[in-house]
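Peer 1: Listed here are the chains, written in short residue letters.
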Amino acid sequence: MSVSTLASFEYLERLPGTTFRRLYQQPSTALAIFRRMLPHLAKTFVMALLYMSKPMPLPDLDLWVNPNSKRERDNALQLLSRLHIITVTAPSRDDPQTITLTKNFTESLRLALTGGGDHNSFGVPSNDSVAENVDLAFLDEYARDQWEGILHYVVNSVGEAMRGGGQGPTDAVKKLLEAGKLVTTGRHSGKGITQAGFSFLLQEVNAQVWTLLLLWIENAEKMELDSVEVLSFLFMLGSLELGRAYSKDTLTDSQRQMLPYLIDFGLVYIPRPSSGHFFPTRLATTLTSDASALRSVSAGFDAASSAAGGAKGFIIIETNYRLYAYTNSPLQIAVLSLFTRLKARFPNMVSGRVTRKSVGNAISHGITSDQIITYLSTHAHPQLVKSSALHGGPVLPPTVVDQIRLWQIENERMKATPGFLFKDFENAKEYEGCVRYADEIGVLIWRNDVKRMFFVTRVEQLRDYIKSKKIK
Amino acid sequence: MLRIYPGVLVQCDPSIKSIIVKIDNEEHAFIVEELDDQTLVIKENMMTTLKMKLDEVDAFAA
Chain A
16 MSVSTLASFE YLERLPGTTF RRLYQQPSTA LAIFRRMLPH LAKTFVMALL
66 YMSKPMPLPD LDLWVNPNSK RERDNALQLL SRLHIITVTA PSRDDPQTIT
116 LTKNFTESLR LALTGGGDHN SFGVPSNDSV AENVDLAFLD EYARDQWEGI
166 LHYVVNSVGE AMRGGGQGPT DAVKKLLEAG KLVTTGRHSG KGITQAGFSF
216 LLQEVNAQVW TLLLLWIENA EKMELDSVEV LSFLFMLGSL ELGRAYSKDT
266 LTDSQRQMLP YLIDFGLVYI PRPSSGHFFP TRLATTLTSD ASALRSVSAG
316 FDAASSAAGG AKGFIIIETN YRLYAYTNSP LQIAVLSLFT RLKARFPNMV
366 SGRVTRKSVG NAISHGITSD QIITYLSTHA HPQLVKSSAL HGGPVLPPTV
416 VDQIRLWQIE NERMKATPGF LFKDFENAKE YEGCVRYADE IGVLIWRNDV
466 KRMFFVTRVE QLRDYIKSKK IK
Chain B
8 MLRIYPGVLV QCDPSIKSII VKIDNEEHAF IVEELDDQTL VIKENMMTTL
58 KMKLDEVDAF AA
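Line by line, the protein sequences are chains A and B.
With the first letter of the first sequence counted as 1, position 36 gets the number 51 in our numbering; the numbers rise by one all the way through.
With the first letter of the second sequence counted as 1, position 8 gets the number 15 in our numbering; the numbers rise by one all the way through.
Excised from the complex, chain B in its bound form:
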């Protein structure tokens, strides 16, 4: 049966994608669907939180 999900298509490097997957593993609050190495669909209302989390990871690495 055909299903339609609203969301945000995110296209990024595999490295960034794996970070997103790691963040999602904690609560499964972000990802709607993993599509391939460089593409995934994120819940629309979680985009800003996700960006903030990514920046945190970035700041930690720097």
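Excised from the complex, chain A in its bound form:
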């Protein structure tokens, strides 16, 4: 599962049930959640339950699942109820537990799959797109310019300011980046990048878009926008078709208010402020597509950026930790300077070294060694890829990769896992039951049978379990 999915997931899971009920009124939202957020087993359950008129007894559902896959089943059901897609009745002694899809979700997903209704949830195409002379290449270019403008702003807030072309993002975006603590405006040093900002830079584009959008949603209430409206609008954008014009007329007032922000992000293009339609860009239409489409986003952007001069792979790294990057993009150079000591800059390349100090510096800013390694290997020069394929070895020199990892663990003398401590059980039986259940659902990380304490990463499922035990 990609980073971006995780980020949007965590945000969604925190929303209350009422928000979900309103969100699921839109067929596009139901469809987007269904196709983007759910693992295959959960999808199977949903599809099976979709046209079932009566609640289904949970034991019947168990018949579909291989007994060895109990953990997967529990995870799927847990996720579905966290997203308020299913409701499971509370366990009681007389009747078996039953499971139903929530009403709004059922109706919306049925509408989304089979069509019908006049909800306009998937946008209304406008007819005069031909006249505007807007093609895919133009939209890609536009989205890339806007997005790189934002990234530049984040990077440039680092000490070594390297002014790239373009006018940078608008004030609204700058405020948002500050509110999200991606950059700070310190008292002494002016602007600075934060730990969150560093990891933001190293994410893939789709993940970056989601990070920024979630920030926006969190701050939406301050801007007098309703977060449900914002979310459903985003899910709608995700279902639109790239390169088509859509009519503004069917948008609600608050959705129209959102358009300027989305233009700032490069998710939407409007030819003239007065024109009655808008174009979604690739950034918007791939918001809710699944993993394979996600790769094509980056492919799309790579294509776009190679047209602009920065080829896909440009980094050569040698076993002596020397690094050569064939790029003149200030953005890429700035990202490299986060974890390399750059020595020389030429018109078409920069060279430098990966050192213990430079990597340590990056790590102290919250960048992980894995992020650095992924960055290096995704941007490895074609020559490096070719020679590794020839010898059948890895793309990056193993010595360098291992060393970067070692530099990271050097300062990690403790392993920290956030979660919950359970203690003071009344009797051994209660403890045994809980700890066994925690182990089964895969959240247990530490236990001490003598002291009757254990530590888990997640608490919701266990809480339900303990409650159900109390009833019996």
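Keep in mind that a hint or two might mislead.
Said to hold, decoys possible - Restricting the straight-line Cα-Cα distance to at most 25 Å, the calculated cross-link-like pairs of lysine-lysine (BS3-like) are:
(1) Lys196(A) x Lys60(B)
(2) Lys401(A) x Lys438(A)
(3) Lys237(A) x Lys50(B)
(4) Lys485(A) x Lys85(A)
(5) Lys60(B) x Lys29(B)
(6) Lys358(A) x Lys372(A)
(7) Lys430(A) x Lys466(A)
(8) Lys29(B) x Lys196(A)
(9) Lys85(A) x Lys482(A)
(10) Lys58(B) x Lys372(A)
(11) Lys29(B) x Lys466(A)
(12) Lys50(B) x Lys29(B)
(13) Lys60(B) x Lys466(A)
(14) Lys430(A) x Lys50(B)
What the hints contain is simulated information worked out from the structure, not anything from laboratory work.
Computed from a prediction, not measured in an experiment: that's the story for all the values here.
Based on the hints, put chain B in the right spot on chain A.
Peer 2: Just chain B now, kept in the frame of chain A:
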């Protein structure tokens, strides 16, 4: 009565653990529960402060 505490489970060497215990002794602001020689639970919001304090100790020793 069963009790549940949120926190961060920290697993480390006994030597590091004793340093953490020593740091905690000043204000009792970090540790939720000491579990054994190599494991303790720390308050989630204090993790960064604790890491900084540990680095200070480290710099002093070096």
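Peer 1: Determine for every hint whether it applies to the structure shown.
Peer 2: Cross-check of the supplied hints:
1. Lys196(A) x Lys60(B): holds, 23 Å
2. Lys401(A) x Lys438(A): violated, 56 Å
3. Lys237(A) x Lys50(B): violated, 30 Å
4. Lys485(A) x Lys85(A): holds, 23 Å
5. Lys60(B) x Lys29(B): Distance ~11 Å between Lys60(B) and Lys29(B) Cα, so the pair holds.
6. Lys358(A) x Lys372(A): holds, 14 Å
7. Lys430(A) x Lys466(A): holds, 22 Å
8. Lys29(B) x Lys196(A): Not OK: Lys29(B) and Lys196(A) at ~33 Å, beyond 25 Å, violated.
9. Lys85(A) x Lys482(A): Satisfied, since the Cα-Cα distance of roughly 20 Å is no more than 25 Å.
10. Lys58(B) x Lys372(A): holds, 19 Å
11. Lys29(B) x Lys466(A): Holds, because 23 Å separates the two Cα atoms, which is no more than 25 Å.
12. Lys50(B) x Lys29(B): holds, 16 Å
13. Lys60(B) x Lys466(A): violated, 30 Å
14. Lys430(A) x Lys50(B): Status holds; Cα separation ~14 Å.
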